[in-house]
Amino acid sequence: MDIKITVIDREGVAHHLDAPTDMAMNLMEVCKAYELPVEGTCGGMAMCASCQCYILSDHELGEKNPDEEAMLSEAFHLKENSRLGCQIVMDQKLEGLKVELAPE
Amino acid sequence: MIKTDIIIIGAGPTGLFAVFEAGLLKLKCHLIDSLPQPGGQCAEIYPKKPIYDIPSQPEIMAGDLVEKLMTQIQPFQPGFTLGETALKIQKQADESFVVTTDKGTQHRAPVVAIAGGLGTFEARKPKIVGLAQWENKGVDYIIRDPEKYRNQKVLIAGGGDSALDWTIVLADIAKEVTLIHRRNEFRGALDSVEKVQTLKDQNKIQLITPAEVTALNGHQELESVTVTHQGRPKPYTVDYFIPLFGLTPKLGPMADWGLEIEKNAIKVDNSLDYQTNIPGIYAIGDVNTYPGKLKLILCGFHEATLMCQSAFKRIHPEKRNVLKYTTVSGITGFDGSRKEAQKSTIKSIK
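Here the protein sequences come in this chain order: P and A. Add 20 to the 1-based position in the first sequence for our numbering, that's all there is to it. Add 224 to the 1-based position in the second sequence for our numbering, that's all there is to it.
I should point out that these hints are in silico values taken from the structure, not numbers from a laboratory. Heads up, some of the hints might be wrong.
Partner residues aside, some chain A positions facing chain P, computed with beta carbon under 10 angstroms [stated by the list, open to error]: (1) Y270; (2) R348; (3) G383; (4) F469; (5) I573.
All C-beta atoms, glycine included, are put in the ideal place defined by N, C-alpha and C.
Using the sequences plus the hints, can you model the full thing?
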């Protein structure tokens with residue numbers, strides 16, 4: 021089953037996306053699949069922060085793993101609600117997720 | 225001037241394997257890379273991470289893949305210009321190209337293969353107001369010569385291996401070393417983290433965590449930085465501020481070479497030979513794009529192979545050539561080495 025998520029790009033435009041939950045895709049990959057400007061330089065290893073986003077909805081996302089914590093601690097434009105898109109795996113619980121892409 | 229048959233820009237896995245395929249066709253290669261070691265991303269970003277989709281390698285560490293490629297191409301004696309960025313490419317009257325680096329090193333060849341991956345690695349710069357105005361006036365992003373900091377007051381910011389490693393090196397050279405990081409935890413080799421702990425315990429360095437540099441101050445040169453620790457800003461007198469926040473790839477100078485660019489990648493003719501819109505300049509591996517492109521190391525290997533066949537035709541238009549199998553023909557290195565399959569023994573059984 022697909023879920024509906026909203027990604028606000030760096031120009032402030034909201035994109036309503038259908039994200040598959042059965043392909044082990046993470047938020048960075050969903051953005052790339054829809055050709056949104058997310059680089060995903062490191063391929064999803066939590067090593068570049070090019071997929072940093074701000075979580076706008078109040079979904080339970082689970083704890084950050086040590087790699088994500090460490091990368092975010094060196095990321096720029098950091099906010100309280102910063103996460104790395106590559107570490108957020110799409111699943112049913114994320115129906116209605118709303119995020120905003122952090123500046124490059 | 226360095227002269228060769230193929231100038232390869234980028235010494236990642238694709239660029240390295242191109243040396244092998246070129247060598248089979250008796251073409252010599254010279255590689256240029258902005259990083260100080262070969263291997264590209266595999267060596268710089270994830271040497272200790274496994275790769276599972278290299279044919280015949282169920283699991284291989286990225287760093288080991290690079291090492292094996294270096295061994296595989298060794299008979300073909302590639303040249304290397306490392307730690308230099310290819311800046312300019314100029315077509316000559318005889319249709320060959322001259323590639324000049326940021327340090328002025330010149331290379332000349334009839335064929336250029338761009339295997340630049342995601343681009344040139346550049347330092348990630350922290351977002352501090354006015355940072356750029358202090359570059360080379362007290363702010364350095366890369367340490368080239370540690371001696372520059374002898375008897376100087378240095379403040380390093382960052383939480384990864386390079387911040388830890390340089391703190392250790394400079395502890396013995398600089399007058400004062402302060403390491404600051406936004407968290408108490410560091411992501412680096414255990415050995416380095418422990419060494420920094422010891423240096424701190426021995427008061428050989430100063431460690432401030434969790435903290436960050438929030439302002440830079442000075443007149444002509446940098447004189448102090450403002451470190452915000454537990455919400456309180458405090459000035460520290462320094463000679464140098466060295467933010468070490470890792471590297472990020474940028475297409476960089478390549479974008480201005482007159483090549484057709486699409487989505488940060490170089491457009492090539494994938495139906496034939498991965499040549500760009502400039503005849504004689506090819507683009508292989510992650511740096512190129514074409515319909516259906518996949519950024520995979522294994523696709524880079526394939527592209528490198530076809531590129532070499534086309535490069536051979538460009539360099540030797542008069543020569544006929546057929547594909548040879550290494551199992552049949554063996555490998556003759558430019559160093560005089562020779563590898564070949566063992567000949568079968570023919571002996572009668574009585």
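Checklist entry - Of the numbered hints stated previously, which ones are contradicted by the structure, given in increasing order? => result 5
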